[in-house]
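Asks: Chain residues, written in single-letter form:
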Amino acid sequence: MVDQPIGRRNFLKGAGAAGTAAAAAMTGGLSACAEGQTPAQQAQQNAPASEPMMTLTPTEAAFLGAAYDTFIPADQYSPSGTDCGMVVYMDRQLAGAWGTGARFYRAGPFLQGKPEQGYQLALTPREFFAAGIAAANDWSRRTYGKDFDRLDPAQREEALKTMDAGKAEFTDFNSKYFFDQLYESAMEGFFADPIYGGNRNKVSWKMVGYPGLPATYASKAAEYRGKKINLPPQSIADLS
Amino acid sequence: MAKTMKHVDAVCVGMGWAGSIMARELTKAGLTVVGLERGAMRSTRENFVMPTVRDELKYRLRLESMLDTSTETITMRHDPSETALPQRRWELFPLGDGLGGAGVHWNGITFRFSPAEFQLHSHLTQRYGKNAIPADMPIQDWGVTYDDLEPYYDKFEKLAGVSGKAGNLNGQIIPGGNPFEGRRSSEYPNKPLVMSQGGLIFNKAASGLGYHVFPTPASNSSAPYTNPEGLTIGQCQYCGHCEFFGCEANAKASPLVCVVPALLQDKKFELRTNAHVARLDYDKHAKKVKGVVYIDRLSGEEITQPADLVILTAYPFNNTLLLRLSDIGEAYDPHTGKGVVGKNYCYQTIGIAGFFVEDEINPWIGTGTSAAAIDDFQSDNFDHGGLGFFGGGYICISGSGGRPIQVRATPPGTPRWGTAWKEATAKYYNHNLSLMAHGCQYPHRTNYLDLDPTYKDSIGRPLVRMTFNFKDNDYKMSAYITNKAVEIARATGSKVVTSLPRRGNFGGINGFASHHTGGAIMGTDPKSSAVNRYLQNWQASNLFVIGGSAYPQATGHNPTCTIGALAYWSAHAITSQYLKSPGALVHA
Amino acid sequence: MGVTRLKRTDAVIIGVGWTGSILARELTKAGLKVVALERGKFRTPETDFALPHIRDELKYAVRQELILDPSLETLTLRHEINETALPFRRWGAFMPGMGLGGAGTIWNGMTWRFAPFDHEMRSHIAARYGEGAIAADQTIADWAMRYDELEPFYDRFEKLCGTSGQAGNLRGRLIEGGNIFEGPRQSDYPNPPLTPSRGGELFARAAKNLGYHPYPTPSANLSREYRNPEGAVLNPTIFCGHCDRFGCATNSKASPNSTILPVLLDEPLFELRCDSWVTQIVYDKAARKATGVRYVDTASGEEYEQPADLVLLCAYPFSNTKLLLMSGIGAAYDPATGRGAVGKNYCYQVTGQVPVFLENEEINPFMATGANAMNIDDFNGDNFDHEGLGFSGGALIFASPTHGRPIMGRMTPPGTPRWGRAWKEATAKWYGHAFTIHASGANFAHRHNYLDLDPTYRDKLGNPLVRMTYNFRDNDRKLSAFVTGKAVEIAKAMNPTILGAPMPRRGNFHIVPYQSTHNTGGTIMGADPGTSVVNRYLQHWDADNLFVIGASTFPQNPAPPPTGAVGALSYWTAEAITKRYLAAPGRLV
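Protein chains in written order, with this note's numbering: chain V, -15 to 224; chain F, 325 to 912; chain E, 15 to 603.
Only chain V is shown next, with the shape it has when bound in the complex (with noise of 0.2 Å):
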């Protein structure tokens, strides 16, 4: 499928009351994904799935499907952030017990440190991604007269850029620190366990080689070292 960001997110934000029947329409079983495809193929049987989403708004969405397929774009090597499940994976990230808090120390008071004292907001992730996403569209309005997701694949290039930098200028909120949080979100669910969602089809185990589980390699140490060795992945579902 195109991609298509724009159709999609005015079709989802539009959804309102009569979004049952459409969303029900809308949900297609994930198309399994055979071994030996190449990328491409998957791509195509991996058309973009309208998971229901746990905790992201329909806008929220939007814009992490492009940041990812930014980072992520579909090409030899994979489908796109999307494709592979990536808004979905930061979806389940932010309504489990990651996003609300869980192993975060979250007691005040809540003072500014230097950036060598690390995280010092009382946000939690679902906080610190929703007032993030909502400051980048702020931003990406008042810069390009649309929100991020609506920018072209180039525009978007260089709004990440500018983020990155820290010079995308956010009422209350560095650029800089929100970028390194949603770049390191698509690393983390890209090469994650499939499990969580974002790495459908393991796609970028393949991508770079490896084999994922069950890691046994006691005769294989020695006679492999060196050697290039093809193993295709198997991931915790393929073993459970």
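Please keep in mind that the hints were generated in silico from the structure rather than gathered at the bench.
Ideal Cβ positions, reconstructed from N, Cα and C, are used throughout, including at glycine.
Hints may be right or wrong, so weigh each one.
Computed list of chain F residues with no C-beta within reach of chain V, every gap over 10 Å [stated by the list, open to error]: (1) 459; (2) 496; (3) 740; (4) 811; (5) 819; (6) 908.
If the Cβ cut is set under 8 Å, some of the chain V residues that face chain F in the computed set are [as the list claims (entries may be wrong)]: (7) 36; (8) 85; (9) 90; (10) 92; (11) 96; (12) 107; (13) 114; (14) 115; (15) 118; (16) 215; (17) 219; (18) 220.
Since the structure of chain V is provided, determine the placement of chains F and E on it from the hints.
Replies: Chains F and E in isolation, oriented as in the chain V frame:
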């Protein structure tokens, strides 16, 4: 690292019903207004969309739209002799959060209070004798009358597009309406909602007993409606997802639907979300508040917003907390009864009568506002002579949804799991009903709010400590009106009726409500109230404190409509009197 | 809701990692009844580290499933004493362990002995370079025992772990292929070294060509099946590439869980209580005794007091320090006067890296263990002349991927974009053809690097967090620049297709990028009660029946990872208690 913002005319702390109405009225009068909201930005379009808005687990059980207790919570104890412990999860009641506040997740029940409630102390002493009110019940008059507020009730009902039927139109009693209500100057802006099957059953039984059944006034709109702000309210779909949920159809009146869109277009207004107000900048000597100090949760920065006028429009707990943290007014002392800040915290006393019928109820077709109610046992609408308590409440039929995790009663004696439980659940899911006896909660000397000495919130402020328990008046009142509900349930012909009046200590999940009042109460005397009849603070003439916090006691009716009316009333006093001549509007 | 006082026991142990497990085992062997209190959860390899889920990089390595939950307890950091410390809200630079087995469960398995020099650092430097070579603010000190005194105990720990390695100095005889700079060993490693990885081979070849002396990492990831003296059987490693931050699914990484706990849990004299968070050592100042400990059962919230004749503080350095401070035992260190010893000489590890990219080499980074690098000690300790260098100490330099887990173990050459098509191309191309050369350097104690209690931030139980006042100092930055330069020299000798950007430690200590979980000091050992917390037997100077064991007793942190010495000190102290203290309770020095 503190930063000071450009001076503005007014700042509103908290952007729920009170804050958004106040901000709107002040900008109309030409003032520049900043609205500070602790929670996040939200809108129907972004946050309450199909299909995910129908997620019972997420919104009702996991309380998605409610305040995160790790940001802020309260501590509770039953008595001043005990150690209060924090609500680590919301078990007593949840509190709202985010733009629109509790006005987003409410059910939509929109009662005006009974006229007698505004002069409760005078009324009760007049009718039952000078010493009729027990010494430990600091019941007070409000300082305003129903007639004072009537035009502002009317304004709020028109803002919210309330659906209902007048029972007293300019003094004329109208059949089918609530004959006990105060005189109304106009009919409700929308017709009543469609009566549910449960409502019809209740109507038949209660009318048969001689009671006066009327459609519960609802902010779930019976028809599309454009309010005086030019904003459109949609038509209620009877989806059964009001309380704890946002409304995707824009059919439940909320600040997000009825006011905020107009404010966001208003150049005089600036909204700042994620702004966690830490304290007010109070000049004790000048008796003025100079501004508001808040933490920008996005940057962690401490920011001062100077303003000529500061309007506290947060929840009662936060209004009280901010007065205490800013050292404005004397803290209430339960031993001496002196002091005002934190005084007369009140809740709601709710009893339930459950029953089972053969009719097909279709509980999933419902709105947050119950279909029908009676006010025959409300307030002082009945003689309390010899009853041993004061106050009362309305009795209404349940029917705000059939969400299956929570709404599936089985008759007493049914096992709690296994095949027999499944059988009963399948059998009764569509045949169970309940009546709610929604009672008042009158103040008690040892029910109050202050600062917890131990526990702190996420920005390091003390938590509010609630010292509260139900008292003799509450138990007796609840037993009485719940019994009336049981009689009505029996009159439906139901063979199985359960009775659950309010018993035992405050706590547990039965009959809870997110209706909290008091802490910064209004009155005529600075010794016994925190704000005057215009909700102007006695200690700082440029500080107004609006909301349920101003109620001297909780009536048997739901609080929201009166919050809206008080916001309009106070806004009118500011724009028509205060701005012309800033200073105390009432001289003590 | 008062404190429930429990029945007295012979010894109570706080923290069940390597030290706690070893002490518990040795004391029960001596006939003592031991109660061990562990704050974390009970766990066993069979139930908690099972395939396939144990291979979940996002869960274990990124979200840190087995690491101390910062919402329970964390630290605060400031760089200088005039700053406000702020909490580590999430872990970064280091990650303290949590749960039964502690950090010993989730380590990489590198099992070094410290060199004789490391035990006598202050006197050695003064003797060779003069007293002036030690700056006034470098509060380094000699250990309280020499290498040769500790040697039998290093040996015992290696035999417990089944350490796989190649001796370089066997009773004074230097052996090529081993570490010729190590102190004399009385016996060889119990198991032969691991098969080196391709990355290790390439590093070793280049280092050797430059005249250095490469040798394999002493590894607690075993090269063959091994039954240790406790009777526990460990399996050969499968090179799965999931050591650090993971538990071992195959029992081939030595940990308290795989080497001692199975035996201890069958021991009638031993009682383990998990979910038990110790908040105070009850101290009788007049009697100079610890009478027991107080702890909170985190499952029920109830508070208990466990009286004991012996109290053994075996937690992580931060907790050892915190408990002494909270219990008022010993004088807190004051950086202004230099007086007091509790919290003093907190040290870390000074690291540096350089990546290499070799397009024609198949590195297979995923076939790895946490400890099968090749190393050189030529620039460690005082194995090279420091004259004119402007710093003291050195580093271990080593190379081999420890894993090829794709979220965190991916390298692209300098100048590669961070996303998009070109990034994907480079990632796909270089994933299997790159690795990093590491330098693990010593960190010298500094007057202004110390631990105390934070005045503001609190842990989940409401007790103060430990405040770390810490920064890299002049010696550290110079050391890191020098040894990273040596790593670059070796990298260049490999003729890499592309040499990555060298990363010596510059600027302030930063809590975000991971460096190492090698935190030492706070309750240091010494010969003088005025400048140390414990004596040479790790017995507290102010409480004869209180022993404080672990890396918290290191006066400063030498270059190699600390675990081997932590194990040796545990056996050393256990012997002092069982052979000497029990015979005549009282001060051993």
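Asks: All hints, please: hold or fail.
Replies: Each hint, compared with the structure:
With 10 Å as the threshold on Cβ separation, the claim that residue 459 of chain F sits away from chain V holds: the shortest Cβ distance comes to roughly 41 Å. Residue placement check: residue 496 of chain F keeps its beta carbon more than 10 Å from all beta carbons of chain V (closest about 39 Å). A cut-off of 10 Å between C-beta atoms confirms that residue 740 of chain F is not in contact with chain V; the least separation is 29 Å. For residue 811 of chain F, the non-interface assignment is confirmed: its Cβ lies about 40 Å from the closest Cβ of chain V, beyond the 10 Å cut-off.
A cut-off of 10 Å between C-beta atoms confirms that residue 819 of chain F is not in contact with chain V; the least separation is 38 Å. With a cut of 10 Å on Cβ distances, residue 908 of chain F stays outside the contact zone with chain V, its closest approach being about 36 Å. With a cut of 8 Å, the hint placing residue 36 of chain V at the interface with chain F holds, because the nearest CB-to-CB distance is about 6 Å. With a least beta-carbon distance of about 6 Å to chain F, the hint placing residue 85 of chain V at the interface is held under the 8 Å criterion.
Taken as an interface hint, residue 90 of chain V checks out: its beta carbon lies about 5 Å from the nearest beta carbon of chain F, inside 8 Å. Against a cut-off of 8 Å between C-beta atoms, the interface hint on residue 92 of chain V holds, since the closest Cβ of chain F lies about 4 Å away. A cut of 8 Å between beta carbons decides the hint on residue 96 of chain V: the least distance to chain F is about 5 Å, and the hint holds. Nearest Cβ of chain F to the Cβ of residue 107 of chain V: about 6 Å, under the 8 Å cut. The hint holds.
At about 6 Å, the closest approach between the beta carbon of residue 114 of chain V and any beta carbon in chain F falls short of 8 Å, and the interface hint on this residue holds. Hint status for residue 115 of chain V relative to chain F: holds, with the closest Cβ pair at about 5 Å, below 8 Å. A distance limit of 8 Å between C-beta atoms decides the matter here; for residue 118 of chain V the minimum to chain F is near 6 Å, and the interface restraint holds. A least Cβ separation of about 40 Å between residue 215 of chain V and chain F goes past the 8 Å threshold, and the interface hint is therefore violated.
Annotation: interface hint on residue 219 of chain V violated; nearest CB of chain F at approximately 28 Å, more than 8 Å. At about 25 Å, the closest approach between the beta carbon of residue 220 of chain V and any beta carbon in chain F exceeds 8 Å, and the interface hint on this residue is violated.
Hints 16, 17 and 18 from the earlier list are contradicted by this structure; the remaining hints agree with it.
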